[in-house]
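Could you slot chain B onto chain A? The hints should help.
2 protein chains.
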Amino acid sequence: MEISEIGEFGLIKRLTQSIKIKNESTLKGVGDDCAVVQYAAGNRTLITTDMLMEGVHFDLVYTPMKHLGYKSVMVNLSDIYAMNGTPRQITVSLAIGKRFKVEDLEDFYAGALLACEEHGVDLVGGDTTSSLTGLAISITALGEVRPEDVVGRDGAKETDVICVSGNLGAAYMGLQLFEREKSVYYDQLLKEKDPSKVEFQPDFSGREYLLERFLKPEARRDITMRLAEAGIRPTSMIDISDGLSSELMHICEQSGVGCRLYEERIPLDYQTAAAAEEFNLNVTTCALNGGEDYELLFTVPLTDHDAVSQLEDVRVIGYITAASEGKKLVCRDQSEFELKAQGWNPLANQD
Amino acid sequence: MEISEIGEFGLIKRLTQSIKIKNESTLKGVGDDCAVVQYAAGNRTLITTDMLMEGVHFDLVYTPMKHLGYKSVMVNLSDIYAMNGTPRQITVSLAIGKRFKVEDLEDFYAGALLACEEHGVDLVGGDTTSSLTGLAISITALGEVRPEDVVGRDGAKETDVICVSGNLGAAYMGLQLFEREKSVYYDQLLKEKDPSKVEFQPDFSGREYLLERFLKPEARRDITMRLAEAGIRPTSMIDISDGLSSELMHICEQSGVGCRLYEERIPLDYQTAAAAEEFNLNVTTCALNGGEDYELLFTVPLTDHDAVSQLEDVRVIGYITAASEGKKLVCRDQSEFELKAQGWNPLANQD
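Chains as they are written, first to last, in numbering that gives the first Met the number 0: chain A, 0 to 350; chain B, 0 to 350.
Treat the hints as calculated values from the structure; they're not laboratory data. Where hints are given, some of them may not hold.
Put simply, identical chains are the same to the list, so a pair is met inside one copy or across any two.
In silico BS3-like pairs for lysine-lysine, Cα to Cα no more than 30 Å straight-line [claimed, not checked]: (1) Lys97 <-> Lys181; (2) Lys339 <-> Lys156; (3) Lys156 <-> Lys27; (4) Lys65 <-> Lys27; (5) Lys190 <-> Lys339; (6) Lys327 <-> Lys65; (7) Lys100 <-> Lys339; (8) Lys12 <-> Lys181; (9) Lys156 <-> Lys12; (10) Lys196 <-> Lys19; (11) Lys196 <-> Lys12.
Just chain A, same shape as in the assembly (with noise of 0.2 Å):
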């Protein structure tokens, strides 16, 4: 169905109506010129917003609608945890040009409400408006957290165990295998002429956690739950967008102390590994630079470090020092490094 058959209004209404309100600080939610939250007396509250454009964050040529729409949000949930808070609400803003049909948002906006589902979120508003050409989205999180709980980048002190949960690199390994089937399409496309001759089945067999960890990435509830189970409040944290090292440094400076992380302590799946190795890529680069693995990263006191050894994928890689000693990688020759932030950079990789 094209989006002119029912404009901006209809469009809205079809893409809201299945909303259901699930939290209770969500007091009016899409349809006024605002939404209106409450949160409980005391507690804080906490905003984050991410934008996204085709052909810079996704290729709609390997990334389902669903798929999408469900990453969007999951990215800024995980800002969210990554201050030790409970994301409440979004809202979501699509451009979109004239290719797109009804059906192709009603995708997106079935995985973003799935995203809010597993997640006790609430959509409640937003913008639909065209674009000339791609598409482009903006999401923005609310999130509440009690004031004794707030963990920002800035407070971890020497000493201070460094610890990261799951595993680095995947997804980056899954980005690396769509691009290369795409080529390969491209290429018979190439020689072909005519689409409909190609004959194309791309090679992920065995590979499909890669691909999942690229396309569907989890914001990490879990590990703030298990933290505050475990009665471990974390000095400083934050979300692996960029690459570990990016983040380190992140945390390093905006705390004012150094860190000494050491490459084999960085958990990685064994696909990643094989999958580095067959493109010919060193897994540590990966890892440390790969980026969109939206694991958390958090510094926790010394006198926790037992405990936090204990809990479900977190490991501790490293731990901090004074400024003066540097941010250093120590690689498993003993060899030192000083850590650079490699990580993607959007706007100096523009040309």
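Chain B only, in chain A's frame:
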């Protein structure tokens, strides 16, 4: 200066370094995974968001970046006032193409921060990334309101008086002027081929007010303040972004009522009327459907009729009826028409 010279983090630092937090409620601004805010105990949070796309919502041929920054913020603040709240924080996300320089972004931010300054609002976060094509802007505003002060679109009651602030149709006529001069310029350019040989002076004399209404709209905080001082609480309120007709229909539909709107009461500036005549347009149509006025449309109980009539820059334009009586426009000759929403619809008009 090229943006790639300083990268995303360098650019954000440069754009946000002059920001000074003005609100007690802003506990943490730019620089972490989330901004952190806390309003006075018991108060509610208002959230609104708008997306503006180059070529759809603005034309950089006649929109200076500083004005664009100012306007992008103002249209969001206007939504907060339309709920009878006080804006406190905004986030600003930009996706920029290669042709933009650091100085362009600095101009945009200068305009955005000027709007913030005038309304006591803090810029607390956002996202800056690249676009393969045009400029995309997404702004979210947060506001604070006491529970008893919230005014939605759904509270209008039979016999309520319909009021509007300022005058209508001026921004639309400003846009027509800009579009006309742009056409004249392009015609000359086509003849001359060489841009440096085109001696072009746009003819805007005596029309400055219309251009300003289009380029630099003002969110009507003064109106909500005057209403509060006079002890008048609107039963419903909305800001006029798409056009008086469309907005009044929203109030009627969400309140389950009808209305009688009097053509002769619609406030017009003489420049709007003069320009409409010059363009051979019906000035009432411009006022009803032009959009981008960012005036406040609201209803008050009949008992407040005298009090509201005395407010500066507020005009009574009709009254609310039973839903069964329909939504009527009463013309100067006493003929009656059903109101139609012909306001700007970015999705229906895209072909």
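Cross-check of the supplied hints:
1. Lys97 <-> Lys181: Cα proximity of Lys97 and Lys181: in one copy and across copies (24 Å, 25 Å).
2. Lys339 <-> Lys156: within (21 Å within a copy, 63 Å between copies)
3. Lys156 <-> Lys27: between (42 Å within a copy, 20 Å between copies)
4. Lys65 <-> Lys27: Cα proximity of Lys65 and Lys27: one copy only (26 Å, versus 34 Å across).
5. Lys190 <-> Lys339: Neither. Shortest intra-copy (42 Å) and inter-copy (54 Å) distances fail the 30 Å Cα cut-off.
6. Lys327 <-> Lys65: Cα proximity of Lys327 and Lys65: none, with 40 Å in one copy and 43 Å across.
7. Lys100 <-> Lys339: between (43 Å within a copy, 26 Å between copies)
8. Lys12 <-> Lys181: Intra 36 Å, inter 37 Å, cutoff 30 Å: neither.
9. Lys156 <-> Lys12: between (50 Å within a copy, 24 Å between copies)
10. Lys196 <-> Lys19: Classified as neither: same-chain Cα gap 45 Å, cross-chain 61 Å, threshold 30 Å.
11. Lys196 <-> Lys12: Answer is neither: 40 Å inside a copy and 51 Å across each miss the 30 Å cutoff.
Against the hints set out earlier in the document, violations occur for numbers 5, 6, 8, 10, 11.
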